[in-house]
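All chains, please: the whole structure from these sequences, using the hints.
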Amino acid sequence: MGGRNPVTWLGTPSFPKAAHDALGDTQLRRNLRKATTTIRGKRASAVAELADWERLRAAGAAIKDDVLANLDTYLVRLEEAVTARGGVVHWARDAEEANRIVLDLVRAEGADEVVKVKSMATAEIGLNEALEAGGVRAVETDLAELIVQLGDDRPSHILVPAIHRNRAEIRDVFRRRMAEPPASDEPGDLAEAARRHLRRKFLATKVAISGANFAVADTGSVVVVESEGNGRMCLTLPETLITVMGLEKIVPSWPDLEVFLQLLPRSSTAERMNPYTSVWSGVTPGDGPRRFHLVLLDNGRTATLADRVGRQALRCIRCSACLNVCPVYERTGGQAYGSVYPGPIGAILAPQLVDDPHDEQAASLPYASSLCGACYEVCPVRINIPEVLTHLRGKVVEAKGKRTPEAVAMAAAAWMFADARRYEVAQKAGSLSRFLARDGRISHLPWPGSKWTSSRDVPAVPKESFRAWWRRNRG
Amino acid sequence: MDDARGEILARVRAALADRPAPAAVVRDYERSRSVPDPVGLLVERVADYKAIVHRVAEAEVPERIAERLAARGVTTMAVPADVPGPWRAPGVTWLPDEPPLALAELDGVGGVLTGCAAAIAETGTIVLDAGAAQGRRMLSLVPDYHLCVVRADQVAVSVPEALARLEPVRPLTFISGPSATSDIELDRVEGVHGPRTLEVLVSE
Amino acid sequence: MTGPRVALFATCITDTVYPETAKAVLRLLERLGCEVDFPLAQTCCGQMHFNTGYHDHARPLAQAYAEVFAGYDYVVAPSGSCAGMVREIHPGLAGTGPAVERTYELSEFLVDVLGVTDVGAYFPHRVTYHPTCHSLRMLGVGDRPLALLRAVRGLELVELPQAEQCCGFGGTFALKNAETSTAMLADKMRCVQDTGAQVLTAGDNSCLMHIGGGLSRLRTGVRTVHLAEVLASTEEEPWAAATR
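Protein chains in written order, with numbering that gives the first Met the number 0: chain Y, 0 to 474; chain D, 0 to 203; chain V, 0 to 243.
Please keep in mind that the hints were generated in silico from the structure rather than gathered at the bench. Please note that a few of the clues may not be correct.
[Unchecked claim] Where chain V lies over chain Y, by a calculated footprint (3+ residues, C-beta under 8 Å):
1) 103-113
2) 264-270
3) 325-333
4) 366-372
5) 439-452
For every residue, glycine included, the Cβ atom is placed at its ideal position computed from N, Cα and C.
Here it is in structure tokens:
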């Protein structure tokens with residue numbers, strides 16, 4: 000037990016450095032701009048169709064807050080309901096424990112290959128790598144996951160992990176790795192190639208692994224929301240189904256889904272409803288898998304729950320709307336965040352799951368935002384992402400101590416602002432900068448000001464501040 | 000194995016030591032909505048997602064099934080054993096799922112014919128619950144063509160209205176159009192692993 | 000009849016770097032009948048400290064704000080960002096009170112409190128407006144600035160494409176993630192230039208300093224002018240381009 004939480008990728012540099020590489024990739028920038036621009040407009044119209052959208056958002060947030068506030072009760076209730084309907088519930092404190100549980104279950108079935116439905120929880124714990132190490136091949140069946148897997152790539156988006164690839168790049172990956180390559184780079188041909196590539200796997204594989212979008216505590220019903228039908232294939236054809244679920248994915252009762260089945264599709268793919276949603280409760284004789292295992296995953300969630308401000312991140316239903324509207328994400332792409340959870344939600348979720356204030360990379364994530372608030376505006380469960388970002392920045396500052404150059408500068412500024420007379424003296428000193436200026440502007444400053452003047456001029460501070468003018472004229 | 004369950008529950012209780020008391024859930028959103036023509040809305044919305052949809056008189060259903068299958072040139076159709084007899088149009092080989100069809104057989108048929116448990120007009124969704132005239136889940140999944148008959152009285156306008164009609168402990172499948180993906184450049188294209196053609200007859 | 004007693008919260012950046020904006024607010028509010036004071040004990044709302052994670056340094060600044068501005072009918076700030084800091088963040092740092100509750104961003108104050116959209120301004124230039132993020136999303140000022148601009152005589156208002164996208168300033172974000180900030184700025188500048196506007200206006204000097212710094216570096220000739228200066232400009236006392 001213990002060890003490093005694989006939710007962030009070992010060896011990824013801190014955000015500004017990772018962003019540097021991404022920003023230099025013009026193809027990536029074009030791909031992201033195109034995809035995010037498309038989806039933003041569509042989401043806005045899908046949401047505008049529902050006059051009660053804001054009330055749905057409020058209800059979604061309230062239901063999730065109730066779940067979090069009573070999580071112990073709901074977890075036990077879910078366990079009872081799943082067990083009563085023939086499922087087996089497992090509990091995993093961390094990634095390592097969850098991976099071991101799944102590997103043991105797969106081995107018990109005598110399988111050396113499993114099919115997988117796209118799942119953030121299993122990506123978070125590095126399940127595929129753990130299975131591989133244990134001699135089990137995991138075949139991703141979601142189209143975007145397949146593109147990432149066949150391209151030996153990393154995901155860059157929650158909903159569409161291969162969003163950083165355009166159609167031509169996807170065609171090239173498929174040509175390299177498929178027995179029957181796609182006819183062209185038309186999306187229809189690419190989808191057709193994926194269908195042929197996976198068809199036999201679906202029909203022959205005995206064990207499937209999925210995540211869960213929701214689980215209903217009262218009835219033990221588990222819900223998977225998808226588009227392609229690969230989810231349905233995995234959830235109904237194999238003999239054994241193993242579902243790994245973050246323990247916050249619960250909703251109390253069936254009618255609660257009436258809120259989330261409206262919020263999620265319109266926020267994520269901007270559809271009125273996604274093509275397929277599957278709901279199952281334990282095992283149904285004669286219909287679907289004969290064995291069902293549900294693995295409830297902690298892996299940093301209870302630590303997140305303990306933070307009064309940060310816990311709202313656990314409301315997240317993984318829709319990706321915040322990524323799609325984020326101006327930072329649009330420029331850097333998802334891989335710069337160094338985690339399976341990129342974008343604004345990743346910037347608040349990954350550091351909390353890592354739960355190590357001294358992890359440099361994780362500590363850089365809450366700063367990967369201009370605090371513009373576009374994420375909060377679209378979040379279907381009203382996670383106040385800017386609030387959590389500034390809260391987590393506070394924790395980072397606390398962990399770094401008072402001796403960093405930044406902390407010293409901030410303390411000096413605070414001391415100066417604490418007294419209007421000191422402030423006025425500083426203003427006068429600052430106005431000397433006008434002697435550095437040409438035509439009222441300064442184009443070169445020493446570090447750290449050079450981080451500004453690398454791309455922008457600074458106005459010269461005028462000779463007379465407003466307060467000095469006021470004192471002279473009105474005082 | 001040491002007690003992961005006990006430890007996680009203890010962690011949860013410790014994390015909630017501040018005893019958060021969130022505001023009550025207010026359900027002031029619209030649970031039902033009335034529209035002048037729910038069937039018309041369903042037809043419009045199902046078509047929006049590139050499914051083929053027809054509005055037909057109830058008495059004409061068998062005739063229209065035959066017509067659609069002939070138009071498509073389908074010769075073998077899988078079918079739940081309990082679909083109404085008249086739905087099995089002549090000129091087609093019907094393979095009832097009793098005893099259960101082997102997966103390979105199902106993969107080889109020209110299509111599948113089912114009824115449904117409910118439909119949601121606003122979202123263009125049909126819901127199957129493995130009940131009457133629907134069969135097990137894989138039946139409507141493996142064949143490449145799914146012909147589905149929806150009765151007007153099964154049509155709910157909104158998502159909440161539809162969920163209220165459904166039994167969550169039955170295996171449920173919500174279907175909105177044919178299989179599709181948004182995974183390439185976040186733009187939707189139809190036709191991946193599920194049936195690539197969905198045809199719906201709404202009878203009234 | 001005497002008008003409301005209004006305290007001008009200039010904000011540290013405007014007080015120090017853009018005094019003309021504060022003078023413009025003063026002129027404008029006095030023209031509209033307000034009695035304006037500038038309490039000299041004011042300094043900074045603490046936003047830079049708070050947003051960078053130095054919450055303990057922001058707290059005393061929030062407390063000082065509450066004391067300095069307690070005795071006025073209204074507090075008006077020419078900044079959506081600083082007004083947003085006061086209204087949304089100060090309560091969590093130092094509790095709420097009259098100063099917090101009576102703080103308004105300039106366009107809110109004009110439209111909601113004074114009930115005017117035509118402030119008698121004259122500004123004969125082609126202008127585009129950037130809705131700064133905190134005005135837009137934290138305060139929800141909505142169309143108020145546009146309504147004010149539309150009523151300005153001589154002003155040709157042109158729509159800014161992708162107006163609601165952040166310019167990339169974000170306080171210390173512009174330094175900590177300078178390259179990402181610059182990439183956002185580049186897109187914003189392209190949109191500004193596409194409008195053919197001579198002047199870019201906004202309700203926040205911080206964002207204008209960022210966009211203006213980029214436009215100046217590229218020698219585009221587009222001027223950045225705070226909304227207050229546009230609205231203060233009249234035929235008798237027109238805006239003077241030399242101030243920025």
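Results for each hint:
no.	hint	result
1	103-113	violated (count 0)
2	264-270	violated (count 0)
3	325-333	holds (count 4)
4	366-372	holds (count 7)
5	439-452	holds (count 6)
Checked against the numbered hints given earlier, the structure breaks hints 1 and 2 and satisfies all the rest.
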